[in-house]
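Visitor: These are the residues of each chain, in order.
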Amino acid sequence: MKHVLVVDDEEAITYIFRRYLEAAGYRVSTAGDGLEALEVAGRETIDALVTDIRMPRMSGDKLIAALRPRYPDLPITVVSAYAIEMGSWPGVRVLSKPVDAASLIASVGAMLGDRA
Amino acid sequence: MVHAAGMVGFDGGRLTAGKTRDERAHTPMDEDAGHGASAGVPAAGGLEGNSYHPLGEPGVRHWQASQISRPGLEERGNIFFAAIEMTRMPMVVTDPSQPDNPVVFVNRAFQDLTLYPEEQILGRNCRFLQGEQTDPNALAEIRSAIREQRAVAIDILNYKADGRPFWNGLFFGPVYDDQGRLLYWFGSMMDITRRRVTEQSYLQAQKMEAIGQLTAGVAHDFNNLLQVVAGNLELARGAVDDRDALLQALDRAQLAGDKASKLTQQLLTFARKQRLEPKRLNLNSLVVEFSEMLVRTLGDQVDLHLDLKPGLPACTLDGTHMEMALLNVLINARDALPAGGKVTIGTSTIMDPERLERHRLSPGAYVTLCVIDEGIGMAPEIVSRATEPFFTTKGPGTGLGLAMVHGFVQQSHGRLEIESEPGKGTTIRMIFPAAGAPAAGQERAARAPAPGDANWSAATLLGVRTVLVVDDSADVRELAEAHLRQLGYRVLAAQSGEEALQLVERYGDVDLLFTDIIMPGGMNGLRLAELLRQRQPGLPVILTTGYMNEIPPMAAPGSGLNVLVKPYRMAELAERVHMALQVDVRARPALDAQHEG
Chain A
0 MKHVLVVDDE EAITYIFRRY LEAAGYRVST AGDGLEALEV AGRETIDALV
50 TDIRMPRMSG DKLIAALRPR YPDLPITVVS AYAIEMGSWP GVRVLSKPVD
100 AASLIASVGA MLGDRA
Chain B
0 MVHAAGMVGF DGGRLTAGKT RDERAHTPMD EDAGHGASAG VPAAGGLEGN
50 SYHPLGEPGV RHWQASQISR PGLEERGNIF FAAIEMTRMP MVVTDPSQPD
100 NPVVFVNRAF QDLTLYPEEQ ILGRNCRFLQ GEQTDPNALA EIRSAIREQR
150 AVAIDILNYK ADGRPFWNGL FFGPVYDDQG RLLYWFGSMM DITRRRVTEQ
200 SYLQAQKMEA IGQLTAGVAH DFNNLLQVVA GNLELARGAV DDRDALLQAL
250 DRAQLAGDKA SKLTQQLLTF ARKQRLEPKR LNLNSLVVEF SEMLVRTLGD
300 QVDLHLDLKP GLPACTLDGT HMEMALLNVL INARDALPAG GKVTIGTSTI
350 MDPERLERHR LSPGAYVTLC VIDEGIGMAP EIVSRATEPF FTTKGPGTGL
400 GLAMVHGFVQ QSHGRLEIES EPGKGTTIRM IFPAAGAPAA GQERAARAPA
450 PGDANWSAAT LLGVRTVLVV DDSADVRELA EAHLRQLGYR VLAAQSGEEA
500 LQLVERYGDV DLLFTDIIMP GGMNGLRLAE LLRQRQPGLP VILTTGYMNE
550 IPPMAAPGSG LNVLVKPYRM AELAERVHMA LQVDVRARPA LDAQHEG
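Heads up: the sequence lines are chains A and B, in that order. Per this note's numbering, residue 0 is the first one in the first sequence, and the count goes up by one each step. Per this note's numbering, residue 0 is the first one in the second sequence, and the count goes up by one each step.
Do not take every clue at face value.
[Stated by the list, open to error] Quick partial rundown of chain A residues pointing at chain B, CB under 8 Å, derived from the structure:
(1) Ala11
(2) Ile12
(3) Ile15
(4) Arg18
(5) Arg53
(6) Ala80
(7) Tyr81
(8) Pro97
(9) Asp99
(10) Ala100
[What the hints assert, rightly or not] In silico SDA-like links for lysine to any residue, alpha-carbon gap of 25 Å or less:
(11) B:Lys258 - A:Arg53
(12) B:Lys261 - A:Gly31
(13) A:Lys61 - B:Ala218
(14) B:Lys261 - A:Tyr14
(15) B:Lys393 - A:Asp99
(16) A:Lys61 - B:Lys258
(17) A:Lys61 - B:Gln212
(18) B:Lys258 - A:Leu37
(19) A:Lys61 - B:Ala215
(20) B:Lys258 - A:Pro55
(21) B:Lys261 - A:Thr13
(22) B:Lys258 - A:Glu10
(23) B:Lys393 - A:Leu37
(24) A:Lys61 - B:Lys393
(25) B:Lys261 - A:Tyr81
[What the hints assert, rightly or not] Per label pair, the in silico range of CB-to-CB distance:
(26) B:Asp241 - A:Pro55: 29 to 35 Å
(27) B:Arg484 - A:Pro55: 50 to 56 Å
(28) A:Leu34 - B:Leu326: 25 to 31 Å
(29) B:Lys278 - A:Glu43: 57 to 63 Å
(30) B:Ala215 - A:Ala65: 22 to 28 Å
Source of the hints: derived by calculation from the structure; they are not laboratory data. Idealized CB from N, CA, C, for every residue including glycine.
I would like the entire structure built from these sequences, with the hints used as guidance.
Guide: In structure tokens, the structure reads:
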């Protein structure tokens with residue numbers, strides 16, 4: 000079972016994304032900001048990342064930069080409520096909130112599938 | 000000719016509120032420059048207004064007022080006359096001893112700039128340069144300078160003969176004779192259109208940036224909430240057979256919906272479009288009644304101290320929104336004290352001239368509510384952005400707290416001041432106008448207002464001006480009354496001078512008297528104006544009459560007496576009233592009759 004890490008400072012949002020992705024057959028961990036996410040990613044191996052950008056303590060773009068050395072090929076989906084603020088990054092897909100279950104699952108799945 | 004006084008503005012500098020007559024009397028005259036034939040009061044770095052400083056630093060040597068020994072415009076044979084005709088700086092002289100203060104001299108540059116030939120200028124009041132977009136506040140400032148006989152420098156939008164507007168960096172000051180009688184006004188102008196346009200595009204760019212930031216913030220927060228609402232609805236759809244899961248999804252969607260409506264309210268408060276229900280309230284009572292909530296908000300680490308001034312005057316405020324604003328400020332104070340400490344909530348009054356000046360407030364009585372912390376403080380660049388919506392330095396902050404407080408205070412006709420220093424702490428001060436006597440009509444019988452303090456009625460706070468209409472003809476009176484009401488004025492109407500005086504006794508000061516001259520009974524309109532002006536010096540008066548020969552000899556300019564001949568059109572009345580009310584409100588005498596408690 001692939002392991003997806005979902006990061007957002009709104010618990011209400013990580014809850015929804017967890018439900019979406021679990022329904023699609025992934026194992027899901029959640030984190031409330033970049034620092035928490037780094038802890039999870041250091042403790043366990045992750046196969047994909049779904050993250051917000053604006054978060055307290057450590058933002059999404061800083062999280063991505065911090066994860067790259069250990070996970071150079073990690074498929075990443077950024078889900079942002081103000082997507083324009085996220086530039087284009089290699090290996091990163093950007094989705095705008097609100098995003099429905101099908102789009103999120105398709106994005107995560109496609110990226111994992113591309114690599115497989 | 001304008002004499003050496005005409006050199007005003009050449010060698011000065013900051014063309015920005017000149018000294019009043021009294022102040023000038025204590026300033027030594029600069030007599031050397033005029034070799035005894037003329038003398039002036041040097042600017043000495045004093046302010047003359049808020050205008051552009053074309054010559055850099057505040058003016059020191061140029062004259063703000065002058066005295067000449069040889070009045071008259073005939074002397075045109077010397078170098079000073081040539082200099083004035085040669086300079087490219089437009090100059091003008093007006094004669095306030097003639098009716099309506101007409102122009103009696105303009106130089107060539109004036110004609111070049113305005114495109115009016117001399118014959119179309121001489122004999123007219125300078126207002127021919129004004130037009131639709133000319134700022135009434137700038138005109139009010141000019142009128143008050145003329146009334147107070149002081150120099151002023153001000154940027155004002157004027158119009159050329161062909162209708163094109165230009166920004167005029169105007170400076171003018173009074174010229175007296177040996178005996179100190181006002182002879183002329185001397186003015187110099189400067190076309191500063193280009194600078195103004197640059198400034199305005201800069202402001203526009205800033206505004207666009209602010210709107211961009213606001214839009215981004217709104218989009219961000221609403222998209223997040225939409226995500227939660229839409230996401231949970233989608234989950235609910237997939238969980239129709241699982242009652243618990245279904246209810247949980249619906250609850251979560253509902254919660255996000257509630258948050259969204261709260262966000263909308265916050266935005267409305269920031270935009271000063273909140274529906275407020277202001278009532279008379281005492282801020283001391285509000286703080287005391289709300290203190291339990293405040294203590295709870297501050298937590299165990301932070302002590303709350305109250306420093307409430309006894310006998311604080313009431314304010315007219317929406318209590319609920321006031322509490323929210325106080326709570327927002329207090330949350331910031333708490334967050335500025337991560338290791339705990341002390342927060343003080345204090346109230347006080349501001350009414351003495353020195354403090355009014357320090358806070359740049361118009362004369363009146365004010366109540367302040369301040370929150371003081373000795374926390375981490377803010378750097379100046381943070382202070383300057385603190386009230387921007389969605390600007391936050393806190394991790395989980397909305398960036399709307401102080402933006403809302405600012406919006407609420409503004410909408411309540413108050414002012415928000417922030418003082419902060421890194422490491423020293425922060426003082427947030429909310430200043431509100433004190434409520435005066437209960438508004439007429441509401442608690443009319445409570446007490447007769449003391450002279451001067453009735454202007455803090457709710458109507459006045461909301462910017463509504465009161466016009467006293469006096470005419471013995473019911474038709475004429477009612478027509479004027481209805482029309483002025485429709486224009487948004489508060490109207491008191493009386494059929495005789497005696498009745499008018501009674502109304503003023505009962506309801507307090509008015510902003511304008513509009514009265515018929517001939518009326519039955521012992522008191523005519525002129526006598527009424529005289530009596531009311533004893534009570535309210537400087538009260539603008541418009542007289543009206545159907546008989547031309549009743550018109551009194553033209554009163555001295557600036558006296559505020561003007562006559563509207565019957566029959567008049569309603570539009571004419573509206574315009575006269577509007578013009579007459581454009582006097583500078585700051586020139587009103589300070590309200591020192593404020594009651595406390």
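Visitor: It remains to establish, for every hint, whether it holds in the given structure.
Guide: The hints, checked one at a time:
1. Ala11: At 4 Å from the nearest chain B Cβ, alanine 11 of chain A passes the 8 Å test, so the hint holds.
2. Ile12: For isoleucine 12 of chain A, the interface hint holds, since the closest Cβ of chain B sits about 6 Å away, which is under 8 Å.
3. Ile15: Since the shortest Cβ distance to chain B is 4 Å, the answer is holds.
4. Arg18: This interface hint holds because 6 Å falls under the 8 Å limit.
5. Arg53: Because about 7 Å separates arginine 53 of chain A from the closest Cβ in chain B, which is inside the 8 Å limit, the hint holds.
6. Ala80: holds (4 Å)
7. Tyr81: Because about 4 Å separates tyrosine 81 of chain A from the closest Cβ in chain B, which is inside the 8 Å limit, the hint holds.
8. Pro97: Holds, because the Cβ-Cβ distance from proline 97 of chain A to chain B comes to roughly 4 Å (cut-off 8 Å).
9. Asp99: Holds. Min distance 6 Å.
10. Ala100: Where the cut-off is 8 Å and the nearest Cβ of chain B is about 6 Å from alanine 100 of chain A, the hint holds.
11. B:Lys258 - A:Arg53: holds (18 Å)
12. B:Lys261 - A:Gly31: Since the Cα atoms of lysine 261 of chain B and glycine 31 of chain A sit roughly 23 Å apart, the hinted pair holds (cutoff 25 Å).
13. A:Lys61 - B:Ala218: holds (22 Å)
14. B:Lys261 - A:Tyr14: holds (22 Å)
15. B:Lys393 - A:Asp99: violated (30 Å)
16. A:Lys61 - B:Lys258: violated (28 Å)
17. A:Lys61 - B:Gln212: holds (22 Å)
18. B:Lys258 - A:Leu37: violated (30 Å)
19. A:Lys61 - B:Ala215: Answer holds: lysine 61 of chain A to alanine 215 of chain B is near 20 Å, not above 25 Å.
20. B:Lys258 - A:Pro55: holds (19 Å)
21. B:Lys261 - A:Thr13: holds (22 Å)
22. B:Lys258 - A:Glu10: At roughly 14 Å apart (the allowed maximum being 25 Å), glutamate 10 of chain A and lysine 258 of chain B satisfy the hint.
23. B:Lys393 - A:Leu37: Answer holds: lysine 393 of chain B to leucine 37 of chain A is near 21 Å, not above 25 Å.
24. A:Lys61 - B:Lys393: Distance of about 18 Å is within 25 Å: holds.
25. B:Lys261 - A:Tyr81: holds (20 Å)
26. B:Asp241 - A:Pro55: 29 to 35 Å: Once the Cβ atoms are compared, 34 Å apart, the range 29 to 35 Å for proline 55 of chain A and aspartate 241 of chain B holds.
27. B:Arg484 - A:Pro55: 50 to 56 Å: For proline 55 of chain A against arginine 484 of chain B, whose Cβ atoms are near 55 Å apart, the range 50 to 56 Å holds.
28. A:Leu34 - B:Leu326: 25 to 31 Å: Because 30 Å falls inside the window, the suggested range holds.
29. B:Lys278 - A:Glu43: 57 to 63 Å: holds (59 Å)
30. B:Ala215 - A:Ala65: 22 to 28 Å: The hinted range 22 to 28 Å holds for alanine 215 of chain B and alanine 65 of chain A, with Cβ atoms some 25 Å apart.
Figure legend: structure checked against the earlier numbered hints; hints not met, in rising order: 15, 16 and 18.
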